[in-house]
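From first to last, the protein sequence lines are chains A and B. With the first letter of the first sequence counted as 1, position 414 gets the number 517 in the numbering used here; the numbers rise by one all the way through. With the first letter of the second sequence counted as 1, position 209 gets the number 312 in the numbering used here; the numbers rise by one all the way through.
By construction, these hints were calculated from the structure, which means they are not laboratory data. Heads up, some of the hints might be wrong.
Intra- or inter-copy, both count: the list cannot distinguish identical chains.
[As the list claims (entries may be wrong)] Cross-link-like lysine-lysine pairs, in silico, DSSO-like; alpha carbons within 30 Å at most:
(1) K308 - K130
(2) K473 - K541
(3) K294 - K165
(4) K473 - K518
(5) K185 - K251
(6) K356 - K499
(7) K356 - K130
(8) K166 - K486
(9) K341 - K165
(10) K165 - K130
(11) K251 - K184
(12) K166 - K416
Protein chains: 2
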Amino acid sequence: MAKEKKVEQITDMEVDFAQWYTDICRKAELVEYASVKGFTILRPYGYAIWENMQRIMDGEFKKTGHQNVAMPVLIPESLLKKEGELVNGFAPECAWVTQGGSEELEERLAFRPTSETMFCDHWSRVLHSYRELPMLYNQWCSVIRWEKTTRPFLRSREFWWQEGHTIHETAEEAMAETEQQLNCYADFYEKVLAIPVVKGRKTEKEKFAGAEATYTVECMMKDHKALQGATSHYFGDKFSRAYGVTFTGRDNKLQYPFQTSWGSTTRMIGAVIMAHGDNNGLVLPPQIAPIQVIILPVAQHKPGVLEAASALKERLAAAGLRVQMDDSDNSMGWKCAQYEMKGVPLRVEIGPRDIENGQCVLVRRNDGEKTVIRLAELEEAAKAQLELVQKGLYEKAKINLEEHCWPAFSVEEAKKLQEEKGGFIKTMWCGDVACEQKMKEEAGMSSRCLPFEQEKLSDVCACCGRPAGKMIFWGVAY
Amino acid sequence: MAKEKKVEQITDMEVDFAQWYTDICRKAELVEYASVKGFTILRPYGYAIWENMQRIMDGEFKKTGHQNVAMPVLIPESLLKKEGELVNGFAPECAWVTQGGSEELEERLAFRPTSETMFCDHWSRVLHSYRELPMLYNQWCSVIRWEKTTRPFLRSREFWWQEGHTIHETAEEAMAETEQQLNCYADFYEKVLAIPVVKGRKTEKEKFAGAEATYTVECMMKDHKALQGATSHYFGDKFSRAYGVTFTGRDNKLQYPFQTSWGSTTRMIGAVIMAHGDNNGLVLPPQIAPIQVIILPVAQHKPGVLEAASALKERLAAAGLRVQMDDSDNSMGWKCAQYEMKGVPLRVEIGPRDIENGQCVLVRRNDGEKTVIRLAELEEAAKAQLELVQKGLYEKAKINLEEHCWPAFSVEEAKKLQEEKGGFIKTMWCGDVACEQKMKEEAGMSSRCLPFEQEKLSDVCACCGRPAGKMIFWGVAY
């Protein structure tokens with residue numbers, strides 16, 4: 104007998120987007136709050152999404168010769184302080200270890216907020232010759248930044264990420280690495296997460312503390328707010344000099360290597376929720392979905408139904424898909440709602456009549472489209488439907504992005520567009536941080552990036568009217 | 104022209120085993136010391152070994168239904184203190200965060216030394232019904248224990264590990280899980296790491312703080328010292344009660360679940376070094392070797408050699424092996440020594456004469472055995488040789504273990520055997536901790552375990568002469 108279990112409701116995104124987001128995080132069982140303020144727990148379903156992201160990204164990093172390492176999690180304050188800009192940027196939000204066992208430490212140790220300093224310290228001891236370059240390292244770990252306000256995935260005191268750190272013989276090679284990794288992130292967002300991005304350079308004000316240049320992939324969420332997707336930094340030889348990282352060059356002289364770093368975090372899960380989710384819950388792009396296909400037997404007590412459903416499961420698993428069957432005694436309505444909440448991209452239904460007709464029903468999560476297929480074509484059809492989910496998600500997100508980019512020619516107009524329509528506001532900009540500050544104060548927007556794809560909207564800065572040669576994107580960001 | 108590069112020498116293990124060990128850790132580029140006292144860096148080669156271990160173990164854990172999660176790294180002192188034995192065991196070696204950003208924290212936070220407390224805290228909030236049990240969780244992370252003396256992999260203030268944490272409806276199910284995971288570790292040691300183990304139960308004195316029972320796999324190193332390989336703990340409902348973890352049982356009453364935890368760490372890399380290494384360096388079991396086959400072209404400047412060597416590489420890679428070719432201008436002697444140091448299980452040499460004869464040479468790392476094979480049988484032969492490496496390593500380690508287990512009937516005799524022959528000393532034991540203390544003080548040995556495979560050596564305790572029904576293993580442990 105079917106047990107009637109209540110389907111958990113979430114807030115509609117049109118009513119309260121922030122609450123809708125938090126509801127999904129909890130109801131889809133992605134995260135839980137921990138008893139430590141500002142810290143979160145990644146639950147099995149949330150962590151499985153992260154594992155899929157990790158596996159795909161790690162594979163891409165390795166294809167281009169990167170190797171994983173593990174650096175110590177604690178950084179002595181003196182080491183952190185060697186590069187002035189970095190420490191100014193991160194020291195105010197470090198967690199500090201001051202006691203080890205029963206001893207008070209002579210020097211306090213920061214829980215890593217980022218590991219440039221540790222990598223440089225290591226390289227200063229192991230690098231000798233240009234022959235050892237480049238060193239292309241990456242690590243998967245958690246970092247702490249003592250944020251005041253936190254939200255699951257988007258901003259939490261501890262978050263999980265990868266941080267790539269590389270050193271190169273020449274500035275050109277380091278710049279090429281910075282670009283390559285930015286493109287790696289852009290591809291991951293567009294081809295795996297189905298989220299279109301705007302690639303560009305951060306302003307001096309918004310760049311990473313200590314970097315010479317920061318590049319970013321910026322995405323747009325369903326509420327038309329901006330989200331910084333991932334960043335790639337070029338450091339020149341600034342850190343090398345600060346930390347005494349040297350090598351003997353081809354000319355037999357001591358030289359400083361050129362450095363990059365690049366990072367992406369569990370906030371990508373937040374991006375997926377807000378780029379694709381709907382009022383029924385999460386919608387996952389197939390490649391990162393812990394369950395790609397859920398099989399629901401219809402009238403499962405009838406003879407032959409469970410066997411037929413199990414057979415479909417076996418076939419899809421053998422075809423390399425992540426598939427599960429739910430033959431619990433919950434109602435069909437509850438099951439459908441449950442797997443919609445969890446964002447499973449494809450649902451397969453099979454009941455007595457389907458079996459009779461040698462068919463089953465495939466239902467796409469993203470648009471609810473149903474397709475009746477012959478059982479013989481199951482594997483092919485399921486894969487084709489998953490591709491359609493991927494394509495559908497990307498196209499919808501692309502339209503959302505394209506329809507929410509507005510040119511503006513004054514701060515006032517920019518403000519009005521943001522308030523009335525939302526999205527990215529594009530203007531010309533003179534390059535002065537004062538104008539950036541003005542946009543922030545008067546229109547509530549931060550600069551998102553100077554897009555690589557430039558347009559000439561006018562000759563003058565929207566903020567001050569002085570000559571301007573660059574177009575910049577503004578937005579209200581997460 | 105071949106550049107003569109000096110082959111780095113390591114200390115012979117017969118001269119100074121500890122120095123030999125440290126030399127391998129450094130010269131095989133597994134680890135580096137960090138500038139933070141007691142902390143180490145896992146370098147690419149060392150980390151790649153860990154990644155292979157992780158991938159294999161993680162696959163095994165998932166086969167039995169375990170799911171990965173991520174818990175916060177910082178634990179409030181009050182939470183840590185809820186279970187008295189655990190806090191007594193771990194508080195003295197915790198690293199404490201006392202400042203977050205610019206604020207002094209009201210309560211200090213421990214960097215996790217182990218996460219039972221966080222898992223229990225989480226379960227106390229998410230567990231409701233017996234239908235949700237068991238919860239089979241695992242996490243891969245680093246932990247800190249503020250050790251006074253440290254050695255790479257074996258004892259360091261930060262180390263990397265997995266910690267499994269599960270809760271079950273009944274005590275029987277939790278006990279079965281504890282055993283299953285102990286067997287999982289034993290299989291990993293024996294079938295993957297090629298290290299035979301002794302399975303058994305820890306004494307009350309040596310068990311995990313707060314556990315009802317701790318089970319262990321104990322290994323023997325080449326210097327005949329013991330190394331605790333991994334442990335699996337049964338907690339009963341002790342932590343559930345302390346942390347208020349409850350569920351509604353089948354009888355509709357509130358009940359406490361039964362709990363286990365089990366862990367294995369990067370010390371497994373230390374175990375591999377000391378179980379298989381020799382005076383030429385590391386010797387890696389094939390399944391965890393970052394490079395399983397190294398191809399060295401002989402007289403590589405001669406026409407056709409590099410092409411032939413590359414072809415072998417492509418074929419072995421296509422056959423699923425992790426293979427590299429070294430066509431650098433270093434000398435053949437240097438290359439051989441280098442890949443021996445790094446423990447690459449199989450070397451393939453191919454030169455002009457081999458090409459003429461349609462053959463190549465396979466050299467096993469563990470025993471230096473050379474086999475000339477037909478090029479046509481390369482894939483099959485390489486795989487067969489790797490299996491022989493695995494088998495050879497296991498058999499040699501098994502003999503080392505079996506030939507260094509000595510029965511003793513008094514503390515004095517035990518002491519003498521340990522000093523003269525080393526290894527595991529087995530005696531009958533009455534179960535009294537005073538006798539354990541005596542063996543420690545007078546013979547310098549700790550109890551390793553009460554092996555599952557018992558023998559009856561006599562009727563009385565070797566320490567006190569009182570009646571004794573159990574055989575125990577003693578050893579000098581890492």
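Evaluation of the provided hints:
1. Taking the closest pair of Cα atoms, K308 and K130 never come within 30 Å of each other, the shortest separation being 38 Å inside a single copy and 44 Å across copies.
2. When the C-alpha separation of K473 and K541 is checked against a cutoff of 30 Å, the pair qualifies neither within a copy, at 51 Å, nor between copies, at 75 Å.
3. Within a single copy, K294 and K165 get their C-alpha atoms as close as 18 Å, and across copies as close as 28 Å, so both meet the 30 Å cut-off.
4. Within a single copy, K473 and K518 get their C-alpha atoms no closer than 43 Å, and across copies no closer than 76 Å, so neither meets the 30 Å cut-off.
5. In the homo-oligomer, the alpha carbons of K185 and K251 lie at most 30 Å apart both inside one protomer (26 Å) and across protomers (28 Å), since each shortest distance falls under that limit.
6. For a Cα distance limit of 30 Å, the shortest separation of K356 from K499 qualifies neither inside one copy, at 55 Å, nor across copies, at 49 Å.
7. In this assembly of identical chains, K356 and K130 lie within 30 Å of each other by CA distance solely across copies; the values are 26 Å between and 60 Å within a copy.
8. For a Cα distance limit of 30 Å, the shortest separation of K166 from K486 qualifies both inside one copy, at 26 Å, and across copies, at 25 Å.
9. In this assembly of identical chains, the alpha carbons of K341 and K165 lie at most 30 Å apart only when taken from the same copy (27 Å versus 45 Å across copies).
10. In this homomeric assembly, K165 and K130 come within 30 Å of each other (Cα to Cα) only across copies, at 24 Å, whereas the closest approach inside a single copy is 35 Å.
11. In the homo-oligomer, the alpha carbons of K251 and K184 lie at most 30 Å apart both inside one protomer (23 Å) and across protomers (27 Å), since each shortest distance falls under that limit.
12. In this homomeric assembly, K166 and K416 come within 30 Å of each other (Cα to Cα) only across copies, at 17 Å, whereas the closest approach inside a single copy is 33 Å.
Consistency note: the structure conflicts with the earlier hints numbered 1, 2, 4 and 6.
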